[in-house]
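In case it helps, full-length UniProt numbering puts the sequence shown at residues 1 to 623.
Note that these hints are calculated values from the structure, not bench results.
Keep in mind that a hint or two might mislead.
Unchecked claim - List of simulated lysine to aspartate or glutamate pairs, EDC-like, C-alpha gap at most 16 Å:
id	residue 1	residue 2
1	K27	E72
2	K286	D201
3	K20	E72
4	K392	E507
5	K27	E64
6	K213	E274
7	K344	D18
8	K555	E507
9	K302	D18
This structure is a prediction, so every number in the text was calculated from the model and none was measured.
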Amino acid sequence: MKTSLKIAGAALNQTPLDWKNNLTNIKNAITEAQAQGVEILCLPELAITGYGCEDMFLSSWLPEAAFEKLLEVKEWCTNITVCVGLPLRLYNHIYNTTCVIKNQEIIGFTAKQFLANDGVHYEPRWFTSWPANEIHTFEKNGNKYEVGDIIYEEQGVRFAFEICEDAWRSDNDRPAARHLTKGVHLIINPSASHFAMSKTDVRYKLVLNASKKFHCAYLYVNLLGNEAGRMIYDGEILIAQNGNLITRNVLLSFKSVDVESAVVNFEHPLPPVETIPELGPIDEIKEFISAITLALFDYLRKSRSRGFVLSLSGGADSCACAIAVAEMIRRAVCEIGVDEFANKLNIFSPEEVAHYKTLSEDEQVKAVTGRLLVTAYQASRNSSEDTFNSAKGLADSIGATFYNWFIDEEVTSYTQTVEKAIGRKLTWEHDDITLQNIQARVRAPVIWMFANLNNSLLLATSNRSEASVGYATMDGDTAGSISPLAGIDKYFLRQWLLWAERELGYEGLRFVNSLQPTAELRPAEQTQTDEKDLMPYEILNQIERLGFYERLSPKQIFEKMQGVEPDDLLKLHIKRFFTLWSRNQWKRERYAPSFHLDDYNVDPRSWLRFPILSGGYQEELDF
1 MKTSLKIAGA
11 ALNQTPLDWK
21 NNLTNIKNAI
31 TEAQAQGVEI
41 LCLPELAITG
51 YGCEDMFLSS
61 WLPEAAFEKL
71 LEVKEWCTNI
81 TVCVGLPLRL
91 YNHIYNTTCV
101 IKNQEIIGFT
111 AKQFLANDGV
121 HYEPRWFTSW
131 PANEIHTFEK
141 NGNKYEVGDI
151 IYEEQGVRFA
161 FEICEDAWRS
171 DNDRPAARHL
181 TKGVHLIINP
191 SASHFAMSKT
201 DVRYKLVLNA
211 SKKFHCAYLY
221 VNLLGNEAGR
231 MIYDGEILIA
241 QNGNLITRNV
251 LLSFKSVDVE
261 SAVVNFEHPL
271 PPVETIPELG
281 PIDEIKEFIS
291 AITLALFDYL
301 RKSRSRGFVL
311 SLSGGADSCA
321 CAIAVAEMIR
331 RAVCEIGVDE
341 FANKLNIFSP
351 EEVAHYKTLS
361 EDEQVKAVTG
371 RLLVTAYQAS
381 RNSSEDTFNS
391 AKGLADSIGA
401 TFYNWFIDEE
411 VTSYTQTVEK
421 AIGRKLTWEH
431 DDITLQNIQA
441 RVRAPVIWMF
451 ANLNNSLLLA
461 TSNRSEASVG
471 YATMDGDTAG
481 SISPLAGIDK
491 YFLRQWLLWA
501 ERELGYEGLR
511 FVNSLQPTAE
521 LRPAEQTQTD
531 EKDLMPYEIL
541 NQIERLGFYE
551 RLSPKQIFEK
561 MQGVEPDDLL
571 KLHIKRFFTL
581 WSRNQWKRER
591 YAPSFHLDDY
601 NVDPRSWLRF
611 PILSGGYQEE
621 LDF
């Protein structure tokens with residue numbers, strides 16, 4: 001056995017069915033690894049096709065196309081062993097496999113044994129699990145290949161695989177447990193493990209504990225970026241041995257390819273540790289801004305859009321969207337430079353890029369923000385000077401293009417049409433919701449026009465707390481191409497805005513951070529606020545999490561939360577929450593796509609399914 005091997009993982013920013021992009025990233029990763037003298041390189045799960053192909057995996061042509069691309073990849077693997085993922089169609093089933101290529105020769109395919117089927121994952125819909133310890137031979141294009149639970153060898157070092165979910169099973173069930181008795185020195189894990197705040201701590205412990213328990217080196221590599229629209233991947237690469245961390249990279253990079261390598265000694269391995277070293281406290285606020293900015297950048301370029309448009313009300317949610325875009329630009333320009341930033345977006349003229357390069361980095365960020373972010377304050381007679389100052393002050397401070405106008409004429413026109421039809425005046429006493437909603441809906445057509453003018457993405461501003469109780473106007477403030485905040489709660493967002501003002505230096509947030517959140521749809525004398533309409537956001541978030549993450553009944557939630565508020569008030573809030581939740585599933589079905597940012601969300605497309613029509617918890621709320 002060779003004393004040591006140089007092994008590497010390559011985090012790739014792939015896109016489903018984008019063969020050119022995916023193969024370019026794969027080739028660049030292999031080339032970089034070869035230049036570093038890497039002997040074994042692992043790429044992420046399903047790197048050839050992209051992980052998020054969804055029902056396209058069920059087609060007959062996709063696995064065939066992927067295999068043809070694999071044969072191209074094979075030719076690039078001179079003097080290196082490369083592990084690359086693709087779907088493989090055999091025996092009328094689709095398998096999620098990793099192919100091992102050694103010096104331009106396909107050695108075999110390892111197939112995934114445990115399929116992810118919880119939360120955001122629906123793998124059993126597309127793939128079939130491979131049985132443990134089985135190895136079959138199949139023929140394709142006149143060549144014979146092995147597929148299954150294979151042990152490979154590189155210069156005397158025995159290695160095998162756990163593919164993503166395989167590692168998240170009990171220590172007795174997972175493939176690594178069986179490999180231990182077979183003398184395996186290295187476990188390799190190609191993954192597509194979606195981002196959720198603080199999840200990296202769980203994954204870090206999973207890898208280090210496995211390397212300790214199974215007396216091996218462990219190489220873990222994840223996808224990178226917003227691959228297919230909703231899921232974000234942090235591109236984590238971990239190399240560990242006997243509980244010792246050897247290498248860990250910087251997560252959530254704007255690079256297309258991140259190769260991280262290390263020399264691992266197999267003849268004289270690192271001694272087992274007594275206690276796994278701590279990763280350190282996870283700052284979820286920093287994680288959030290890193291994830292949402294990368295997600296927005298990838299969504300913008302992969303949708304081939306030319307910028308963002310935002311109805312900037314001056315409130316917390318719209319201001320958070322504006323800061324996310326500005327910070328996206330700042331982070332990307334700082335990490336990859338304005339040249340690469342412009343090249344990835346492919347929307348700037350050579351003259352624009354040349355001009356940006358004459359500016360300082362701060363000036364570049366502000367100039368690009370003015371080019372990519374158009375905002376508008378759409379005032380009604382119920383709007384306040386405070387929110388106007390908040391919107392304009394923030395837009396000016398980050399360099400966004402800012403417009404403002406009044407919507408009262410349009411509101412009056414629609415109101416008078418309805419009044420004429422029904423033969424009476426609309427009043428706040430009898431028609432409160434109607435008079436509120438028309439203001440929100442009137443704002444949508446004109447802001448959509450701005451989005452259409454330049455093929456831009458309209459940002460919807462709803463957060464998860466509002467989505468849970470339907471506190472949003474359909475075809476009004478929910479209008480948009482993407483809803484970047486819908487995966488995060490309002491309480492967290494308010495804390496994040498305070499942090500962004502203090503730590504990131506966005507001084508324009510001082511206006512919104514001094515305001516109480518309000519829709520500003522009722523007359524000013526009614527002093528409308530979000531929490532007055534609903535309940536304190538902190539309480540709302542607790543009820544939501546207990547109900548849909550821990551899956552407790554309303555009565556169980558009451559028992560668990562007793563003491564947080566007086567019993568009568570707590571019961572009122574629980575009943576209000578579940579009543580509004582049940583009524584508003586149809587709204588959640590219609591929200592613009594959102595990012596998965598937390599360990600759960602209420603998006604029926606990617607995490608939580610609930611019937612549009614139901615009994616509304618009537619019996620369950622009788623406690």
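Hint check results:
Distance hint between K27 and E72 is fulfilled; the C-alpha atoms sit about 10 Å from each other, no more than 16 Å. Restraint check for K286 and D201: satisfied, since their Cα atoms lie roughly 14 Å apart, inside the 16 Å limit. Between K20 and E72 the alpha-carbon distance is near 12 Å, which keeps this suggested pair within the 16 Å criterion. Between K392 and E507 the alpha-carbon distance is near 12 Å, which keeps this suggested pair within the 16 Å criterion.
Distance check on the hinted pair: K27 and E64 sit about 20 Å apart at the alpha-carbon level, beyond 16 Å; violated. Proximity of K213 to E274 is assessed by CA-CA distance (about 11 Å); at most 16 Å being required, the pair is judged to hold. Our distance criterion of 16 Å between C-alpha atoms is met by K344 and D18, whose separation comes to about 15 Å. Distance hint between K555 and E507 is unfulfilled; the C-alpha atoms sit about 44 Å from each other, more than 16 Å.
Distance restraint check for K302 and D18: the Cα-Cα separation of roughly 10 Å lies within the 16 Å cut-off, and the hinted pair is therefore satisfied.
Figure legend: structure checked against the earlier numbered hints; hints not met, in rising order: 5 and 8.
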